[in-house]
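Q: Each chain, written out:
There are 4 protein chains.
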Amino acid sequence: MTEPAARTAVSRPEARPIRSGAEYIESLRGRNLKVYLFGERVAEPVDHPVIRPSINAMAETYDLAVRDPELASAVSPYTKSRVNRFLHVAQSPEELVMQNKMQRRLGQLTGTCFQRCVGMDALNSLHSVTFEIDERFGTAYHERFKAFVAMAQRGNVVIGGAMTDVKGDRSKAPAAQSDPDMYVHVTRRTKEGLYIKGAKAHQTGCINSHWLIVMPTIRLGAGDKDYAVVGALPVDAPGIAYLYGRQSCDTRVLDGGEIDAGNARFAGQEAMIVFDDAFIPWEHVFMDGEHEFAATLVERFTCYHRRSYVCKSGVGDVLIGAAAAIADYNGVAKASHVRDKLVEMTHLNETIYGTGIAASHQATRMKSGVYLSDDMLSNVCKHHVTRLPYEIGRLAQDLAGGLMVTMPSEKDLRHPEIGALIRKYLQGRAEIPTEDRIRILRLIENMTLGRNAVGYLTESMHGAGSPQAQRVQIARAMQVEFKKQLALALAGIKPQETKEASP
Amino acid sequence: MTEPAARTAVSRPEARPIRSGAEYIESLRGRNLKVYLFGERVAEPVDHPVIRPSINAMAETYDLAVRDPELASAVSPYTKSRVNRFLHVAQSPEELVMQNKMQRRLGQLTGTCFQRCVGMDALNSLHSVTFEIDERFGTAYHERFKAFVAMAQRGNVVIGGAMTDVKGDRSKAPAAQSDPDMYVHVTRRTKEGLYIKGAKAHQTGCINSHWLIVMPTIRLGAGDKDYAVVGALPVDAPGIAYLYGRQSCDTRVLDGGEIDAGNARFAGQEAMIVFDDAFIPWEHVFMDGEHEFAATLVERFTCYHRRSYVCKSGVGDVLIGAAAAIADYNGVAKASHVRDKLVEMTHLNETIYGTGIAASHQATRMKSGVYLSDDMLSNVCKHHVTRLPYEIGRLAQDLAGGLMVTMPSEKDLRHPEIGALIRKYLQGRAEIPTEDRIRILRLIENMTLGRNAVGYLTESMHGAGSPQAQRVQIARAMQVEFKKQLALALAGIKPQETKEASP
Amino acid sequence: MTEPAARTAVSRPEARPIRSGAEYIESLRGRNLKVYLFGERVAEPVDHPVIRPSINAMAETYDLAVRDPELASAVSPYTKSRVNRFLHVAQSPEELVMQNKMQRRLGQLTGTCFQRCVGMDALNSLHSVTFEIDERFGTAYHERFKAFVAMAQRGNVVIGGAMTDVKGDRSKAPAAQSDPDMYVHVTRRTKEGLYIKGAKAHQTGCINSHWLIVMPTIRLGAGDKDYAVVGALPVDAPGIAYLYGRQSCDTRVLDGGEIDAGNARFAGQEAMIVFDDAFIPWEHVFMDGEHEFAATLVERFTCYHRRSYVCKSGVGDVLIGAAAAIADYNGVAKASHVRDKLVEMTHLNETIYGTGIAASHQATRMKSGVYLSDDMLSNVCKHHVTRLPYEIGRLAQDLAGGLMVTMPSEKDLRHPEIGALIRKYLQGRAEIPTEDRIRILRLIENMTLGRNAVGYLTESMHGAGSPQAQRVQIARAMQVEFKKQLALALAGIKPQETKEASP
Amino acid sequence: MTEPAARTAVSRPEARPIRSGAEYIESLRGRNLKVYLFGERVAEPVDHPVIRPSINAMAETYDLAVRDPELASAVSPYTKSRVNRFLHVAQSPEELVMQNKMQRRLGQLTGTCFQRCVGMDALNSLHSVTFEIDERFGTAYHERFKAFVAMAQRGNVVIGGAMTDVKGDRSKAPAAQSDPDMYVHVTRRTKEGLYIKGAKAHQTGCINSHWLIVMPTIRLGAGDKDYAVVGALPVDAPGIAYLYGRQSCDTRVLDGGEIDAGNARFAGQEAMIVFDDAFIPWEHVFMDGEHEFAATLVERFTCYHRRSYVCKSGVGDVLIGAAAAIADYNGVAKASHVRDKLVEMTHLNETIYGTGIAASHQATRMKSGVYLSDDMLSNVCKHHVTRLPYEIGRLAQDLAGGLMVTMPSEKDLRHPEIGALIRKYLQGRAEIPTEDRIRILRLIENMTLGRNAVGYLTESMHGAGSPQAQRVQIARAMQVEFKKQLALALAGIKPQETKEASP
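Protein chains in written order, with the working numbering: chain W, 1 to 503; chain H, 1001 to 1503; chain R, 2001 to 2503; chain P, 3001 to 3503.
A couple of the hints might just be wrong.
[Unchecked claim] List of simulated lysine to aspartate or glutamate pairs, DMTMM-like, C-alpha gap at most 25 Å: (1) R:K2034 / R:E2431; (2) R:K2424 / H:E1431; (3) W:K34 / P:D3255; (4) P:K3172 / W:D277; (5) H:K1411 / R:E2040; (6) R:K2494 / P:D3179; (7) R:K2334 / P:E3299; (8) P:K3197 / W:E417; (9) H:K1494 / W:E94; (10) H:K1424 / R:E2431; (11) W:K197 / P:E3094; (12) W:K334 / P:E3435; (13) H:K1172 / R:E2040; (14) H:K1424 / R:D2436; (15) P:K3424 / W:D276; (16) W:K424 / P:D3224; (17) H:K1172 / R:D2436; (18) R:K2334 / H:E1431; (19) P:K3494 / R:D2169; (20) W:K494 / H:E1094; (21) P:K3367 / P:E3344; (22) P:K3494 / R:E2431; (23) W:K197 / P:D3169; (24) H:K1334 / H:E1292; (25) R:K2367 / P:E3094; (26) H:K1172 / R:E2435; (27) R:K2034 / H:E1435; (28) P:K3411 / P:D3169; (29) H:K1424 / R:E2435; (30) P:K3101 / R:D2277; (31) H:K1080 / H:D1068; (32) R:K2411 / H:D1047; (33) W:K411 / P:E3481; (34) W:K424 / P:E3435; (35) W:K172 / P:E3299.
These aren't lab readings, by the way, just hints derived from the structure by calculation.
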């Protein structure tokens, strides 16, 4: 077990804020993280070709704030200065909408998951939850939390939110598992702080973060007190190991060239984090034992996070553009069925956007002053995200044509003899270079089968809760009794006759 | 031809505003309208059992403003006092959202089309269009128009918007039709005003209105100047005939009883209006010959009106409630597939709501000061309305069971002998009266096959433009070139190489 | 209670077979049935304008056999002569396919439910079930049953199958209901036969039949023996009352004219049958107490009957034709989106047909010699029928345009003055009479909202079992364990490691 | 250019038929093919780890015929002995159905494309087309063709059908292209035979074949005579190069281990074939200049081939099994929404099967004696294949959970330290080894994102014609005029009044 005394690494020198994507990338170097990929410890993640595209995507969140501060930054009530919007606590519904607009733009710019939303949504949900815990139990989490936020804002660091436990046997509560580590929990408490153990799965962008906020993932009971822990710790804190998740086509970047990767510059990142008695000092503990608030925190976080999937409409914009481009290259852009498929893709894509921003616009003010998006509409948005990108992807494959999965590799294209055959025979419209046609097809492959299909499809399905989780939440919020009364009134049925049966 | 001298009827004594639904209904009496239904002229529409439910629905727009003024009224910048929201020109995005919330509420209360949105959307679109015509041509329409609005607000009258012409041969422009009356047009102009001829089809609630605003329905060319006419005239002006449209199950109200009608109190109204040299004085003319603005007017009106279909989410609430009630009466409310269908219905219903209010929230300010909803999202909202109510209706029929279409009539239920058999054999859960079970089934029939299916389904399909009209508009707004550039950038294709082919 | 001695009515003089639709209609006269409609006993159903269209539809099953004997008749192994295919017991898979082809053709000819399939499917399922009961219990039902079939074939009568009980509290077995009559059951047995009591809901075409075969509707337990009864009795047997089910727009035929009815000649029929100690002689009893075979009978019947819904593809043909005709009349037949919608409607419609005939083609021979259609494919066919006609109907409404629900009545069209306005203003393409345009629109209304929407939509949903019933059956037949083994083999998982958890 | 004299390679010594999968694999060795993959010429495709899984899949077509001769072989009318069904010309509808059953079984066994259908469908279509060319032009293709078939049957070789040209500018006919090689064509004719040039894209299993049959891909005009060529040549004939198509995750097999590949043993194969004056002797020429029959050949081939996609229902069985297995491993197999998703997957999967076998059952006999499947139903089947596997795949991803795309690699699992963490933390139900859970997830990844997603999804979309091709064919076959007459008759419109406008 690692002692806190041994922890000399400090994630970020706070005096010097990160001002650009390039500075961000430099900030990640030399942290001596325990990152494992393909069975080996990675010496420097920043320089690993499989990892780097995910770092590039995160870096865009910095550069966008520089280029378009209205969109991607906001004035913090804590620092009184402009901070990256991902670190900002929303002071109005409009600021939640601005989050969505920033998310869509970043989706457009990267075509992938840029990984910084979890932290943003965690900050916003913890703002109200720490306030309400204090209100109930007289604790002092809220001030601690705001101090942490202000520190993060000043340093302009990346905060990852670590929620999803590995869960073990789904039918048992955390404390009832045969292995107590199936959910992250406190192993001991000292004067300085507490120690946690367990693992978090599906951790988006964790290795590219500076800080992690650990949170419970499920409603907890009185017996689960040690599992009711929220706290922040540096990514390079002792006692943490990262197991990099492999993705479809992740090794294409190792093949040489850049075409076959489809989107050579950007990708997402998912990893498993294993905590082996990692230390959190009390100043960074925001919940410890208040199990009554675990469900509240999860619900608020998912409420924000489900409408954060508006980012996928930005990714969808790229895919629609790619489909339009290949139709153009193939010389069929004006065919009515081609136009009609682009319209359908757009209709579906804007449905994600529309329901997402509606959820933000309809936000309500919490006691702590932060705004929380509308629960029903957030869930409706995310539920569409579990369906519509698949149909948009299907239509993109329709427009792409079969060549997307039957064409030779970039190495063949570069081969003197074979390359000439490819250029001759895979020519589309005369004025379009064959290589461009191949590049667009590889991008569509990337987004519907390859590395970024992971983010655009599968993560759309399961991130922020699988489809059934939204259905449960919609069921809770759907006001069946109110709607029954509407119907009874119009049907001329006297209200007193209604006997309640359904929940 | 009717001379203006003959026109003694004044639609409404302006000195006395209508203050309630009851007063509204009285205001409709004695107008001597030429209304035809089932081959006969209707003596007094207010007392006709087929027509009355549509008047009741409109009356709710008055009563709601009394009961819930925050929701259904607003302070007019013209009268400086609170006016019905249906007569108000939106001064902010929030006011457009409030329109939507009022629409949903009225859908919940009536389960049908309450018919007052067309006028509201016409007023809002004419506000900016008259302003812009004046700006370009130095005309004085905008002041005239505002005076008209103020008069309407003071009287609290119903304004119907008459847009859809009968169109004749769809392949020819208005002036090129073999019969010039296929689109409403000016037949002559005098010192006092102008005369119009033609017919408007699918006129929602026109007979229940006090004033009609006639508008063109299509982009017009220089040759179509006489068709570029906008003006207001009283519903009871000379030279107007109304041909009442028949609806599925419209005569059930004539059968005696009230159960079989399903929703005995409320219904929609569609009629064809025939103008035979009807007169409009200059003070009520808001466009005359400025054909360049016909398309603008149509586009702005449909932009507002397509997101006005949020009302259907209120109607959907009733249908979801009815489906939940019958599941409860049948004793299967807790079956997982039943719950799941209610969730799906809700998810779809909220999609209409979410995309609609998103369109309103994202409104932009026009030069005249009115706010116009977002074009893309308005179209996306309406396009969902052409699909989702059908699926919600299908699921409601699934939950209803076959009895909805096989059970005997109310007269059988009232029959001493047969009624006893029905009560015995059509019993569901013991504590629920069989009659209540029948009533809810008749309501679902009403909304999926009967009179209000007309509004919930077919009008959802075609009102404010058929599906293809939305697809055309989505195609225009979908920014294909912008999206292609996003894709090319990520695919590593140099932008200068892109040759434009698609529009 | 009615004594058997009182039963002098004989449904059909067997010596003289019915040879045509006209003779069939005559055969229904003078039966003195107790039919109730709109609170009154109907003197002669044959002459009732609301009932007659359903009789006309049934009559087509006779005339088709005359016009196209290959399609609609077959050689009976019992009479050795050609009999109506609806009375024939299938001797091969090809004969089941021929049933489907006949069903589709009759759907095309009538645009509605022609009501004779239930009897056909009942005969085919009882053939094997009576055989297997005898085999197990040494009873003699099979011979009795074949004698009954031969009699029916010789007389060429209509046999209705009465299965669906009213069911009362769905959570309780028949014998456990508080009212024992919620399921049809034997009240007493005499030397001559047995007496039954109870009611059957949703009885398709029962009043238009000559004989009814009563069958249980649910799996029965040892305590439900009196409910395990199958027997045939004449429609005009004493102790039976018929409560006619009202349908959307059923009274349009009473309005005068024929246009507004949409399909003036044909309609379906659903009624509730109430048995009040109705008598069945032993020679017509085919099950009495063998509760073990109730579920078998229900499953075989639904297996046949679910693929009998292929008839809806014939009705769909009419609706596709109507949609194509109105597009033609509107002058938009060549628009690409119009063509595309017709293609989609066809694709969906042929899916019903394809899965239905596949079920018939894949039939297996039962011990008794009859062929039973494939269970999985029969269920897949019917499950599509619960979805696809709704989408086909939606697309038909899309192509129809809003006029379908806003145009005036036939009486207005016939009015000298108003009629002229309608003809002038509702003109489509110049060479098409306005009346024809109206007629086609009324047909589409009839099939999507009106009287035949009952059969095309709601009955498609619930007939032969509601959607969930098919899903239960698909779940039973889907061979999860077999498919898991396929997956484990390819994933390289050793089979012995699989621990079974799911059923 | 290669002279025929130089062609010493003979594809297969015909005297010795291939009797098993193992013998088949051996038969492919030492052919000195010019196969390019990743920019290098492949020394021996049989031993290339990326290629071998596709050879294994083809080998299953041999082994199945040994294990289950009823299913996978048939008695040839030419050799009078039992031959592999893939080489058999169908003598009855039942034999077409047996093709489908064999295809489904092979899909179940391999979880991928086994590549032998194109040749089967080419043989069956050429049987009737060569017969009809001879009938019209007095040529002798049919006998030549039958001799070739008999030779292939005796040797039990694999025949690939090469149809899809690379097409160049889609708006121009073959002879009108700026580069004449955009469609394969005859470059010269000698006494011995003819020479062809051009390229065929998306060639399924071509490298794994012994013979290729080259066919035109499009309707040809009188100016395209040199493009109207059909002929067979050995895969190892001089003048042919193969450019291997890369697939999603194709290099996972190179990573070491077998888990990450998902389905390590089987995969599909797509390559581009380039013909550079390849020679075909006259005895193997089956069309030369009869351009009138090009469209006929294409239509018949696609008719067979579209219903050959029934194979995907076999692949779907594997995916359903995998989804059921992971639900079981996760301990949620009994959750109602899980069961319901498996039911939906099955319903969709059986729809492919049902419509496919219906097409085969409804086959008609051609003049040559071969049976041709039903055109409408074949297209309906394939059109479903362009949609339903995507939805089945989506549901499989739903059931799989996010771990599918976030879990570490097999190398991590094999790492002593990290492997232990993975086993601890990715445990599902206690009795299931973590490795098995990972294996099933990798199989689902393989089928929905990885190597076999190419075949299950993208190839399902475009193989045998993209979706629009089926819609065109459905439009041709949908009998609009017949259906309009049905509607007019029921609407009471006199037939003579119908003026034809639509095609």
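Q: Give a verdict on every hint.
A: Here is what the structure says about each hint:
{"no.": "1", "hint": "R:K2034 / R:E2431", "verdict": "50 Å, violated"}
{"no.": "2", "hint": "R:K2424 / H:E1431", "verdict": "57 Å, violated"}
{"no.": "3", "hint": "W:K34 / P:D3255", "verdict": "22 Å, holds"}
{"no.": "4", "hint": "P:K3172 / W:D277", "verdict": "70 Å, violated"}
{"no.": "5", "hint": "H:K1411 / R:E2040", "verdict": "8 Å, holds"}
{"no.": "6", "hint": "R:K2494 / P:D3179", "verdict": "55 Å, violated"}
{"no.": "7", "hint": "R:K2334 / P:E3299", "verdict": "24 Å, holds"}
{"no.": "8", "hint": "P:K3197 / W:E417", "verdict": "17 Å, holds"}
{"no.": "9", "hint": "H:K1494 / W:E94", "verdict": "36 Å, violated"}
{"no.": "10", "hint": "H:K1424 / R:E2431", "verdict": "57 Å, violated"}
{"no.": "11", "hint": "W:K197 / P:E3094", "verdict": "64 Å, violated"}
{"no.": "12", "hint": "W:K334 / P:E3435", "verdict": "50 Å, violated"}
{"no.": "13", "hint": "H:K1172 / R:E2040", "verdict": "54 Å, violated"}
{"no.": "14", "hint": "H:K1424 / R:D2436", "verdict": "47 Å, violated"}
{"no.": "15", "hint": "P:K3424 / W:D276", "verdict": "13 Å, holds"}
{"no.": "16", "hint": "W:K424 / P:D3224", "verdict": "21 Å, holds"}
{"no.": "17", "hint": "H:K1172 / R:D2436", "verdict": "22 Å, holds"}
{"no.": "18", "hint": "R:K2334 / H:E1431", "verdict": "57 Å, violated"}
{"no.": "19", "hint": "P:K3494 / R:D2169", "verdict": "52 Å, violated"}
{"no.": "20", "hint": "W:K494 / H:E1094", "verdict": "36 Å, violated"}
{"no.": "21", "hint": "P:K3367 / P:E3344", "verdict": "42 Å, violated"}
{"no.": "22", "hint": "P:K3494 / R:E2431", "verdict": "14 Å, holds"}
{"no.": "23", "hint": "W:K197 / P:D3169", "verdict": "62 Å, violated"}
{"no.": "24", "hint": "H:K1334 / H:E1292", "verdict": "59 Å, violated"}
{"no.": "25", "hint": "R:K2367 / P:E3094", "verdict": "23 Å, holds"}
{"no.": "26", "hint": "H:K1172 / R:E2435", "verdict": "22 Å, holds"}
{"no.": "27", "hint": "R:K2034 / H:E1435", "verdict": "23 Å, holds"}
{"no.": "28", "hint": "P:K3411 / P:D3169", "verdict": "47 Å, violated"}
{"no.": "29", "hint": "H:K1424 / R:E2435", "verdict": "47 Å, violated"}
{"no.": "30", "hint": "P:K3101 / R:D2277", "verdict": "52 Å, violated"}
{"no.": "31", "hint": "H:K1080 / H:D1068", "verdict": "19 Å, holds"}
{"no.": "32", "hint": "R:K2411 / H:D1047", "verdict": "20 Å, holds"}
{"no.": "33", "hint": "W:K411 / P:E3481", "verdict": "54 Å, violated"}
{"no.": "34", "hint": "W:K424 / P:E3435", "verdict": "47 Å, violated"}
{"no.": "35", "hint": "W:K172 / P:E3299", "verdict": "59 Å, violated"}
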